[in-house]
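Peer 1: The chain contents come next:
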Amino acid sequence: MSVATQAGPATARSRPAVRRRPSRRRRLIGLAFAAPAIAYLAVFQMFPMLYGLYLSFTSYSPLDRGAPRFVGLGNYAALAGSAEFLQSVGVTVQFVAEVLPFAVGIALGLALLANRRVRGIGLWRAGLFLPRIVPLTAVSLVWLWLYSPDGWFNSLLADAGLRPHTWLLDEDTALHAVAVMRVWKALGGNMVLFLAGLQAIPKTLYEAAALDGAGAWARFRHVTLPGLRPVMVYVITVNIVYLAQSFAEIFILTGGGPLGSTTTTNFLIYQQAFQNNQFGSASAMAFVLFALIFAFSFVAMRGMGRRS
Amino acid sequence: MRRPGALVALATATILVLMPFWWMVSMAFKPEAEVFTQEPRLLPAQPTLGNFSVALDDGNLGRAMLNFAIVALIVVVANCVFALLAGYAFAKLPFPGGGAVFLAIVSTTMVPVAVTLIPLFLITKGIPLAGGNDLLGQGGSGLLDTLAGLTLPHLIGPLNVFLARQFFLGLADELGEAGRVDGAGELTVFWRIYLPLAKPLVATVAVFAFTAVWDDFLWPLVVTGSAETQTVQLALSRFLTGGNVAYGPAMAGSVLVILPILAVFLFNQRSFIAGLSEGGVKG
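Each protein sequence line maps, in turn, to chains W and R. Under the working numbering, the first residue of the first sequence is numbered 1, with each subsequent residue one higher. Under the working numbering, the first residue of the second sequence is numbered 1001, with each subsequent residue one higher.
Calculated from the structure, these hints are not laboratory results. Heads up, some of the hints might be wrong.
What the hints assert, rightly or not - Which residues of chain W face chain R? A partial, calculated answer using Cβ under 8 Å:
| # | residue |
| --- | --- |
| 1 | A34 |
| 2 | P36 |
| 3 | F70 |
| 4 | Y76 |
| 5 | G120 |
| 6 | P135 |
| 7 | L136 |
| 8 | L175 |
| 9 | W184 |
| 10 | W217 |
| 11 | F220 |
| 12 | S261 |
| 13 | Y270 |
| 14 | A273 |
| 15 | A282 |
What the hints assert, rightly or not - If you anchor each label on the Cβ, the simulated ranges turn out as follows:
| # | chain 1 | residue 1 | chain 2 | residue 2 | range |
| --- | --- | --- | --- | --- | --- |
| 16 | R | K1199 | W | I201 | 58 to 68 Å |
| 17 | R | K1199 | W | A158 | 52 to 62 Å |
| 18 | W | G215 | R | N1244 | 48 to 58 Å |
| 19 | R | P1128 | W | V93 | 33 to 43 Å |
| 20 | R | V1106 | W | A160 | 49 to 59 Å |
| 21 | R | K1199 | W | L211 | 47 to 57 Å |
| 22 | W | A78 | R | L1197 | 23 to 33 Å |
Heads up, the beta-carbon is just placed ideally off N, CA and C, and yes, glycines get one too.
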């Protein structure tokens, strides 16, 4: 029996097998390629999560010489009865609920406008996108002036014969004022996501709808909106996750005031941890916030999935 | 455009969106007397460059921009190297347990910053042999108030590992097999065959890594304190002290900070926007 006849069928049969089950050497190389990322994420992502969970069951101040003291569910129980914390949760929910519809709805409108073949459309898009690439601290400083007694908004009011208003210093308007700024900041990023979604909808669907005599509204309702559903789910979820963690704009515009009316949970966590040195209690707040964000984005995703 | 109404709407929306920037630039050139007035004017009556020199001298903004550039460069390079290598391994060089590890990595993208903030602060403070620490990470300040400390939470983004894996899954296995038949080692297969095809991925990961540092305010606020280590986000917030704002220098500083990224953005608008929307289409 010659070697050649034996080798022929054997290699033919083993080829797909090789691809499915790579050699030991190749698996080791794969592990080596991934090892730095795995090690890093284990130390700087996964371990901090577990460590934070542990801290949330302790009383711990970084100024103490001692180690964290285990207090069981004590922090969580205290949060349930803390007016300050419950107010911050209310503020966070209200803030997300105020910003989300406008940040998504207006962005969708802008995307529809910007999704046209016009000369210079790139410049319009760039202009609308600009707030996205500017640091939140920088834009917050401008808006701080816009809302100030000498600012643009109050000068417009004066021109209209109305009395000026200290938007950020009034308990009733401060959160709305921050929300307006945040809508403005979020529009560009959301618009770009919607634009990508619009451009992914096949042109043939519109042509078919037009042939069936569908008007502009019918085409929007039955082609555009269903085609945008995956992007819509993504945009809403990402916005919830980001908005529920608002911090920099609060820090600059209001410092959490007046009377805690703009103290979001994330801002309270910062104060509790790095101004009051209560790491245990702040960690417990962080996990409650985590649960809230998870629940809200879950509900949003499920809700969007069902509405079909 | 057939209907002029749409163009008018587009122009109105753009002008409204850009108004705050108009005021930012205008105020950057206004002397102090013009900033604090009841009737703000769209253009400065007596333009001055004084605010810019105040921002650069008192605000130490030049140093802050340099600091930011260093931190951003480290983070972008680390992500482009390690997130790509890991994503490639998960897609093309599967190893036992890799699937579970990948799922664990992806699941961490949902975790809010607040959850890991305090532990990361303690870890940064406890890095062994740094900042006067002993081998057990005790006794000193670790990497607090250092540029290295600023990079720590952003070095490898879990989302970037995810994007890299998805991208490499979309490239044919046969490309690598052909290289291996020709006797190429795994590193050569990655470097010479797959990486040249992954330029859009590199651009996306670079943009994502950059924006992660660019958008971050909380971490710099927590880990840095001195003027020597602060980055632009923090330096800008320093114009606000006890409710008083030096608006002129603050706006001049904002303009200086925005100009470089604006230039990068305008010249690479397509890849910039494509990069930022990538997650939306693929995720």
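Peer 1: So, for every hint listed, does it hold in this structure?
Peer 2: These are the hints, each one checked on the structure:
1. A34: A34(W) check passes; min Cβ-Cβ to chain R is 4 Å, inside 8 Å.
2. P36: 5 Å, holds
3. F70: With a closest approach of 16 Å, the F70(W) hint is violated.
4. Y76: 14 Å, violated
5. G120: 10 Å, violated
6. P135: With a closest approach of 5 Å, the P135(W) hint holds.
7. L136: 6 Å, holds
8. L175: Check failed: Cβ of L175(W) comes no nearer than 18 Å to chain R, outside 8 Å.
9. W184: 7 Å, holds
10. W217: Since chain R brings no Cβ nearer than about 14 Å to W217(W), farther than 8 Å, the hint is violated.
11. F220: 13 Å, violated
12. S261: With a closest approach of 16 Å, the S261(W) hint is violated.
13. Y270: 7 Å, holds
14. A273: At about 5 Å, which falls below the 8 Å cut-off, the nearest Cβ of chain R leaves the hint on A273(W) intact, so it holds.
15. A282: 6 Å, holds
16. K1199(R) to I201(W): 58 to 68 Å: Between K1199(R) and I201(W), where Cβ atoms are some 26 Å apart, the hint is violated.
17. K1199(R) to A158(W): 52 to 62 Å: 54 Å, holds
18. G215(W) to N1244(R): 48 to 58 Å: Holds, since G215(W) and N1244(R) (Cβ atoms, about 57 Å apart) stay within the stated range.
19. P1128(R) to V93(W): 33 to 43 Å: 42 Å, holds
20. V1106(R) to A160(W): 49 to 59 Å: Holds - the Cβ-Cβ distance for V1106(R) and A160(W), about 52 Å, lies within 49 to 59 Å.
21. K1199(R) to L211(W): 47 to 57 Å: With a Cβ separation near 40 Å, K1199(R) and L211(W) fall outside 47 to 57 Å, so the hint is violated.
22. A78(W) to L1197(R): 23 to 33 Å: For L1197(R) against A78(W), whose Cβ atoms are near 55 Å apart, the range 23 to 33 Å is violated.
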